[in-house]
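A.B. asks: Protein sequence lines correspond, in order, to chains A and B. Going by the numbering used here, the first residue of the first sequence is number 1, and it counts up by one from there. Going by the numbering used here, the first residue of the second sequence is number 268, and it counts up by one from there.
Read the hints as simulated data drawn from the structure, not as lab findings. Just to be clear, a hint being listed does not mean it is correct.
[Unchecked claim] Within a straight-line C-alpha distance of at most 27 Å, the following computed DSSO-like cross-link-like pairs (lysine-lysine) qualify:
| no. | chain 1 | residue 1 | chain 2 | residue 2 |
| --- | --- | --- | --- | --- |
| 1 | B | K327 | A | K162 |
| 2 | B | K327 | B | K438 |
| 3 | B | K342 | A | K162 |
| 4 | B | K396 | A | K162 |
| 5 | A | K159 | B | K438 |
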Amino acid sequence: MGKLKNKLVAVPYYIWAVVFIVVPLLMIAYSAFTNEDGAFTFQNILQIGIYGNVLLRSLLYALIATVCCLLLGYLLAYCMAQQSERGKNILMILLMLPMWINFVLRTQAMQDILDLIQSWMEAAGISLRISNTGFAIVLGLIYNYLPFMVLPIFTSLEKLDKRVIEAAEDLGANRMQVFRKVILPLTMPGIGSGVIMVFVPTISTFVISEKLGGAKYNLIGNVIQEQFLTVYNPNVGAAISLVMLLIMLFILIIFSFLDDETKEGLL
Amino acid sequence: MENIIELKDIHVSFEGEVILDHFNLNIKDKEFVTFLGPSGCGKTTTLRTIAGFIQPSQGKVLFEGKDITALPPHKRQVNTVFQRYALFPHYNVYDNIAFGLRISKTDEKEIAERVSEMLKLVNLKGFEKRNVTSLSGGQQQRVAIARALINNPKVLLLDEPLGALDLKLRKGMQTELKRIQRQMGITFIYVTHDQEEALTMSDTVVVMKDGLIQQIGTPEDIYNEPRNPFVADFIGESNIIEGLMLRDLLVKFEGVEFPCVDKGFGENKPVDVVVRPEDIEITEPKEGMLCGTVESVTFKGVHYEMMVRSENYLWKIHSITYKEIGTRVAMEIIPEYIHIMAKEV
Ligand SMILES: Nc1ncnc2c1ncn2[C@@H]1O[C@H](COP(=O)(O)OP(=O)(O)OP(=O)(O)O)[C@@H](O)[C@H]1O
Ligand SMILES: [Mg+2]
Chain A
1 MGKLKNKLVA VPYYIWAVVF IVVPLLMIAY SAFTNEDGAF TFQNILQIGI YGNVLLRSLL
61 YALIATVCCL LLGYLLAYCM AQQSERGKNI LMILLMLPMW INFVLRTQAM QDILDLIQSW
121 MEAAGISLRI SNTGFAIVLG LIYNYLPFMV LPIFTSLEKL DKRVIEAAED LGANRMQVFR
181 KVILPLTMPG IGSGVIMVFV PTISTFVISE KLGGAKYNLI GNVIQEQFLT VYNPNVGAAI
241 SLVMLLIMLF ILIIFSFLDD ETKEGLL
Chain B
268 MENIIELKDI HVSFEGEVIL DHFNLNIKDK EFVTFLGPSG CGKTTTLRTI AGFIQPSQGK
328 VLFEGKDITA LPPHKRQVNT VFQRYALFPH YNVYDNIAFG LRISKTDEKE IAERVSEMLK
388 LVNLKGFEKR NVTSLSGGQQ QRVAIARALI NNPKVLLLDE PLGALDLKLR KGMQTELKRI
448 QRQMGITFIY VTHDQEEALT MSDTVVVMKD GLIQQIGTPE DIYNEPRNPF VADFIGESNI
508 IEGLMLRDLL VKFEGVEFPC VDKGFGENKP VDVVVRPEDI EITEPKEGML CGTVESVTFK
568 GVHYEMMVRS ENYLWKIHSI TYKEIGTRVA MEIIPEYIHI MAKEV
């Protein structure tokens, strides 16, 4: 009886999942393997090869952004966890505050700031390019997705039992050893969620690359957007989306199969 | 015997609240010392000061005569069994115990030997691969002991290690801890608020209250010669009654004179008299004896606990003879069982 009730409670979720997840996925798969006339074809998938460079660049940017977010985010989360309750709340609000501003607006503002810095640098005779570069895109990715790394890590640091840390110190571990052997492994779940929450959206972003890259550094997200909105070739767009999905699925599965020690090793 | 740890004039306060003040204590090598006192009296604080987790704002901690006050916990040759164990949840039993040796970069072959030695010591052979979160309280507690002992500390600190165990398991672990301490030949500093535990296990008991040491002594000393009413009351059950020391070897309370064995208090001095419930013998009332009426009788297994009211005091008596409520009885106390304490000023 209780079991049935539990199942009934989940019904709305199943309906939601079918309507908004399963059906759209099937539609993407369908258009990926058909042409405009609805006939079956491999043409779309085979065409993806020409976007190989873009795909690699997207992967690279997402990877750099995720690693930077992880290093920066861990440090930030760690410092936050050391504060008093009050300090934690203040830092938390400071971290979340930019997220309350519209994403496109925020990115535009960043572009303007980078342009401004660029003009100052030119005035000072420095010939280094910052705005409209890959560097600017990665910077934008880090800036926008850092909170998604900080939050899960902070939560897992908060859950950490302080006495376990003391136990490690008591057994002779110095601060570095305590971190490596106790704090890091026990916050691995937080790191895992953070990495996924940053990597997945950064690899498919198109707004940030469009605004901050000066339309020169296309990422795979831009290609997909183009196929749907400007070139109007949704079948190719769907095919790229499908391949991206499989790549991400593959990465996540590998990630979840790694045991904690290998992950530590990677870090 | 030499002092392995000396606390000299320690002062600790948290947020302005003084926890330990002018705290002095010497602990001898290879001794089983117990800190005993009510909750919040500063036992854990003292232990953490020795382990190095608390920096006293004043005073010194000496280890084998050397000042270690400024030394961080990981450089001290003491190890701790924490209140509620604090095992590493991400390691199995083997890796938990091996932790200390891995830190000191011992080679794995030697680690394996030492871990199996430790598992044998705490009776946990065959548990190597078990997840620590799946262990019972008693088993976790043994892992915590093994983990702390593998570094060969000269001093082991134990903070209420048996607090979470049921009575039967506690008794078993008490004997086992005592055996481990003898076998390893090291100093144990043990914290408890269970007086019976303190009396059965310790060589020396330190009774504390509000951050102050009330009395230091062997369990027999503490039990038979409590220095003040607090100790008398905290260690075992006792009757504490005001009396008058008439002269050496003679005390008067409840209007009756009793010969006793204490002297040196002066003549006609008010004192506190302590008599343990099991030291009072119930007899037929006669003229000139301390008499009272039985107010309640409770069966306690080995004995009856009776409350007997005399003129001004309600006596607690443990007796194997049963007397009905309302019976008039006399209470006899032999001189050795009367303990006199000077009034606190
Ligand atoms: N980190 C801290 N911050 C503030 N006050 C503290 C801190 N640690 C302990 N105290 C206070 O110090 C006093 C002594 O605490 P302590 O933990 O030493 O007591 P205890 O004798 O071990 O008690 P228990 O038997 O309950 O474990 C208590 O009043 C406690 O509230
Ligand atoms: Mg305590």
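A.B. asks: Each hint needs a verdict: does it hold in this structure or not?
C.D. replies: Structure-based check of each hint:
1. The hinted pair formed by B/K327 and A/K162 meets the criterion: a straight-line CA distance of about 26 Å does not exceed 27 Å.
2. At roughly 36 Å between alpha-carbon atoms, B/K327 and B/K438 are farther apart than 27 Å, so this suggested pair is violated.
3. A threshold of 27 Å between alpha carbons decides the hint, and for B/K342 with A/K162 the separation of about 19 Å falls inside it, so the pair holds.
4. Our distance criterion of 27 Å between C-alpha atoms is met by B/K396 and A/K162, whose separation comes to about 25 Å.
5. About 34 Å separates the Cα atoms of A/K159 and B/K438, which puts this hinted pair outside 27 Å; it is violated.
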